[in-house]
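Just so you know, our numbering puts the end of the sequence shown at 129, numbered straight through with nothing missing.
No lab work stands behind these hints: they were computed from the structure. As the structure is a prediction and not an experimental result, all values here were calculated from the model. We put the CB at the ideal spot given by N, CA and C, even for glycine. Hints should not be assumed to be uniformly reliable.
[As the list claims (entries may be wrong)] Derived CB-CB ranges, DEER-like:
hint: 1; residue 1: 83; residue 2: 47; range: 19 to 27 Å
hint: 2; residue 1: 78; residue 2: 43; range: 13 to 21 Å
hint: 3; residue 1: 52; residue 2: 119; range: 19 to 27 Å
hint: 4; residue 1: 78; residue 2: 124; range: 47 to 55 Å
hint: 5; residue 1: 56; residue 2: 93; range: 44 to 52 Å
hint: 6; residue 1: 106; residue 2: 35; range: 23 to 31 Å
hint: 7; residue 1: 58; residue 2: 30; range: 31 to 39 Å
hint: 8; residue 1: 104; residue 2: 26; range: 26 to 34 Å
hint: 9; residue 1: 124; residue 2: 30; range: 55 to 63 Å
hint: 10; residue 1: 111; residue 2: 36; range: 33 to 41 Å
hint: 11; residue 1: 44; residue 2: 97; range: 34 to 42 Å
hint: 12; residue 1: 103; residue 2: 83; range: 18 to 26 Å
hint: 13; residue 1: 106; residue 2: 56; range: 36 to 44 Å
hint: 14; residue 1: 83; residue 2: 33; range: 15 to 23 Å
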Amino acid sequence: MSAAGHGQGNTAAHDHADHLNEEAHGSRKGYWAGFALSVVLTAVPFWLVMTRPLTAQATAMIIMGFAAVQMIVHMIFFLHMNRRAEGGWSMMALLFTIVVVVISLSGSLWVMYHMNENMMPAMDMSQAG
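Could you put together the complete structure from these sequences and hints?
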């Protein structure tokens, strides 16, 4: 094989490796898409809280849903987690993250609900001694 042929093959290999490397680290288009999604996923719950078009419980549920989706958007667009990266370990990290988020959200809601239910009734100061 000639030196020119060897060099061309090497360049093609580099181009392919660079393309895979760029894909693994993200692209400007990917970052902008992640940023746009993050802004929307932040603005909608903010609007819901400020305008109060729904009940408090419905708003809380929607905000938690948007928060979960936003975490996934961040993991995909900014942490570059997918099935191909790192031999699938990033997918295991994603599953672990989902389990931790579900446990944290449900546990927090459970604790807050029971704290609210078990609070002492407010004392009326006009009836005090």
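Do the hints match the structure? See the list:
For residue 83 and residue 47, the Cβ-Cβ distance of about 34 Å falls outside the hinted range of 19 to 27 Å, so the restraint is violated. Look at residue 78 against residue 43: about 18 Å separates their beta carbons, and that is inside 13 to 21 Å. Checked against the hint of 19 to 27 Å, the pair residue 52 and residue 119 passes, with Cβ atoms roughly 24 Å apart. Checked against the hint of 47 to 55 Å, the pair residue 78 and residue 124 passes, with Cβ atoms roughly 52 Å apart.
Hint check: residue 56 to residue 93, Cβ distance near 34 Å, so the stated range 44 to 52 Å is violated. In this structure the supplied range 23 to 31 Å holds for residue 106 paired with residue 35, their Cβ-Cβ distance being about 30 Å. The beta-carbon spacing between residue 58 and residue 30, approximately 33 Å, falls within the hinted interval of 31 to 39 Å. Judged by the Cβ atoms, the range 26 to 34 Å given for residue 104 and residue 26 holds: they are separated by roughly 27 Å.
Here the CB-CB span from residue 124 to residue 30 is close to 58 Å, well matched to the stated 55 to 63 Å. Taking the beta carbon of each, residue 111 and residue 36 are about 35 Å apart, inside 33 to 41 Å as hinted. For residue 44 paired with residue 97, a C-beta distance near 22 Å fails the hint of 34 to 42 Å. At about 24 Å, the CB distance of residue 103 to residue 83 agrees with the hint of 18 to 26 Å.
The hint said 36 to 44 Å for the Cβ distance between residue 106 and residue 56, and at roughly 18 Å that hint is violated. For residue 83 paired with residue 33, a C-beta distance near 19 Å keeps the hint of 15 to 23 Å intact.
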